[in-house]
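For reference, the chains in residue letters:
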Amino acid sequence: MFISRPFFRAMFKEQRGNLLKISGAFVLYETLLSWVYPAIAKTPAVGEIVDTIPAAVKTVFGVSPHARTDSFEAFFSSQFLARIWTLIMAAYGIMTANALVAQLVEDGSLALPLSAPLSRSKLIITQAALLFVNNAILIGVTLGGVFLGTSLFRISINKVSYLKLSLLSLSFFTAIGSYAFLFAASGSKEKSLAYAYGLTALFYGLDVVAGLWDKLNWAGTLSLFHLLKPQDVLEGTVNPAGPIKGLTTSAAVLLGVAIRIFEKRDLPL
Amino acid sequence: MITIDRLTKNYPDGKGIHNLSFQVPQGEVFGFLGPNGAGKTTTLRILMGFIRPDQGVARIKGKDTLGQRTKLKRIIGYLPGELHFFGKLSGQDLLDLLIDMHGGAPTLKHNCAILRQRFDLDTSQKISKMSKGMKQKLGLISAFMLGAEVLLLDEPTSGLDPLMQKVFIDLIREEQKKGATILMSSHQFAEIEKTCQRVGIVRDGNLLAVEEISRLKGIQYQTFDIRAENQEAASFLRESQLPIASQKGLWFKVAISGDLSLLWEVLSQTRISEFHQRALELEDAFLQYYR
Chain W
82 MFISRPFFRA MFKEQRGNLL KISGAFVLYE TLLSWVYPAI AKTPAVGEIV DTIPAAVKTV
142 FGVSPHARTD SFEAFFSSQF LARIWTLIMA AYGIMTANAL VAQLVEDGSL ALPLSAPLSR
202 SKLIITQAAL LFVNNAILIG VTLGGVFLGT SLFRISINKV SYLKLSLLSL SFFTAIGSYA
262 FLFAASGSKE KSLAYAYGLT ALFYGLDVVA GLWDKLNWAG TLSLFHLLKP QDVLEGTVNP
322 AGPIKGLTTS AAVLLGVAIR IFEKRDLPL
Chain G
1251 MITIDRLTKN YPDGKGIHNL SFQVPQGEVF GFLGPNGAGK TTTLRILMGF IRPDQGVARI
1311 KGKDTLGQRT KLKRIIGYLP GELHFFGKLS GQDLLDLLID MHGGAPTLKH NCAILRQRFD
1371 LDTSQKISKM SKGMKQKLGL ISAFMLGAEV LLLDEPTSGL DPLMQKVFID LIREEQKKGA
1431 TILMSSHQFA EIEKTCQRVG IVRDGNLLAV EEISRLKGIQ YQTFDIRAEN QEAASFLRES
1491 QLPIASQKGL WFKVAISGDL SLLWEVLSQT RISEFHQRAL ELEDAFLQYY R
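As given, the protein sequences belong to chains W and G, one line each in that order.
According to my numbering, the first sequence holds residues 82 to 350 in order.
According to my numbering, the second sequence holds residues 1251 to 1541 in order.
The hints are simulated quantities; they were obtained by calculation from the structure and are not laboratory data.
These numbers were taken from a predicted model, which means no experiment stands behind them.
It is possible that part of the hints are untrue.
Restraint-style ranges between C-beta atoms, simulated for each label pair [what the hints assert, rightly or not]:
| id | chain 1 | residue 1 | chain 2 | residue 2 | range |
| --- | --- | --- | --- | --- | --- |
| 1 | W | R86 | G | T1357 | 47 to 57 Å |
| 2 | W | G98 | G | K1382 | 41 to 51 Å |
| 3 | W | S269 | G | Q1472 | 15 to 25 Å |
Here are the simulated BS3-like cross-link-like pairs (lysine-lysine), alpha carbons at most 30 Å apart as the crow flies [as the list claims (entries may be wrong)]:
| id | chain 1 | residue 1 | chain 2 | residue 2 |
| --- | --- | --- | --- | --- |
| 4 | G | K1313 | G | K1427 |
| 5 | W | K345 | G | K1427 |
| 6 | G | K1444 | W | K94 |
| 7 | G | K1428 | W | K102 |
| 8 | G | K1321 | W | K94 |
| 9 | G | K1338 | W | K102 |
| 10 | W | K326 | W | K245 |
| 11 | G | K1416 | W | K94 |
| 12 | G | K1427 | G | K1385 |
| 13 | W | K270 | G | K1379 |
| 14 | G | K1338 | G | K1311 |
| 15 | G | K1379 | W | K94 |
| 16 | W | K203 | G | K1311 |
| 17 | G | K1444 | G | K1385 |
| 18 | W | K270 | G | K1427 |
| 19 | G | K1498 | W | K203 |
| 20 | G | K1376 | W | K102 |
| 21 | W | K94 | G | K1313 |
| 22 | W | K270 | G | K1385 |
| 23 | G | K1385 | W | K94 |
| 24 | G | K1359 | G | K1427 |
| 25 | G | K1427 | W | K203 |
| 26 | G | K1338 | G | K1313 |
| 27 | W | K203 | W | K270 |
| 28 | W | K345 | G | K1379 |
| 29 | W | K203 | G | K1385 |
Covered stretches of chain G (chain W as the covering partner; in silico rule of three or more C-beta atoms under 8 Å from a C-beta of chain W) [to be verified]:
| id | stretch |
| --- | --- |
| 30 | 1300-1306 |
| 31 | 1420-1430 |
Each residue gets a CB set at the ideal place from its N, CA and C atoms; glycine is no exception.
Looking at chain W on its own, in the form it has when it is part of the complex (with noise of 0.2 Å):
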């Protein structure tokens, strides 16, 4: 095994308080949407009020300055999934992966764990593998929350597209996580979170510029979250597999340097 079953449990027991919190706002929020699409899909005044919207307001809610308006996943992407649920999920990774490494690392709590024999490349990828668990697991809770949403208000959707938005989410927010983790096993606590965020928001801001202004779209392909474009992929605009196998190999790589600088690091315990 390359995980310590006892200690996923244990650390899944700390962290699943989080998780329900996370996912019951979700489902809540997802079926609202739902509940709301209906009426507004039957008032043409607010597709033709969204067709006004400048393409740069378009951009900064993460939906493509020419794609549709008029479907539940127009709506559903800017509403949702586009920014506040991106967002959301990647300060969930960043503050899991930080609690999960370096908080530990710094408060002590990990001098028990470690007086085990338990090696500590198989500690950190317990804890990678819980991060990517519960990420995996609001992912599974958002698509339930949008089936259960869409099926209770009879909304027609492609399930498959929704699958396939899943699987390059779940590598999205697991290269986030990595790097996130690779900061946590790095540093403080501090400094890592401040490192974590602060790439983010990097990213974030390259995505947002890139979308403003047609002289720097140069600037969007250095951006994580041009990969992360939810209404191209349910509309089937864009094929995600490419995306998914460079996401997947970049966190298998970041995760690989973390586990290498956590074996290497002074441990405060």
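Could you slot chain G onto chain W? The hints should help.
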């Protein structure tokens, strides 16, 4: 069993340990004594493989504590100096976790149940709700329940009431009878005196000396508190050849090893108002010895 060989670890603030060397043979209880910041915890962390030394090597059963740290932890019970645990778990959750991580043998569960009773600890409580003393008991249970060949204990009685300190001392003696090798750090002389065969004193990262407790006790230092009747008598005492350990006003503390004739001779030539002989304590002996 435990070998520390020219161990050096320097921290940016100038603290750390410098060229530390000593050995603890199998079955011995060794006290590592020194004030806070002397380097005791750093030494224990190196023995646990948590930090790497700048120079030198630490070995347990001949194995490098850094390179073979994961294997060595099968035979080590460890009590960290600062106890922090996962707050949302109960005490029992933590103990069960550690039992499982050590292989989950039924003997560990049995040991755990006995220790829980001896330390009178309700382990069903959440760790975040426990007092410092309760957390210390939890840490001690986690270290002792393993029946480990080597016990590394950092300030083990910190936060324990006198009754529990006695339980701890009994446990140390029982583990020693079973053949365990124990290295415990402390800044309390009384704790070391009651449990250890030898003691190493460390100050500012340097090992000042390693002595047998019985030898320290055998150094016949006797301490007297003497109050001079007036300033004239105080001046006389100050100028005498008596080994004065300290003076406060008219009060003098005199520590003498061996023959007391000088003390009687000086006292017969001046006037004193009070005279007390102190009980010989290990702390006095130790401090006198290394003064």
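Which numbered conditions among the earlier hints are violated in the structure presented, ordered from lowest to highest?
1, 2, 3, 5, 6, 7, 11, 14, 18, 19, 21, 25, 26, 28 and 31
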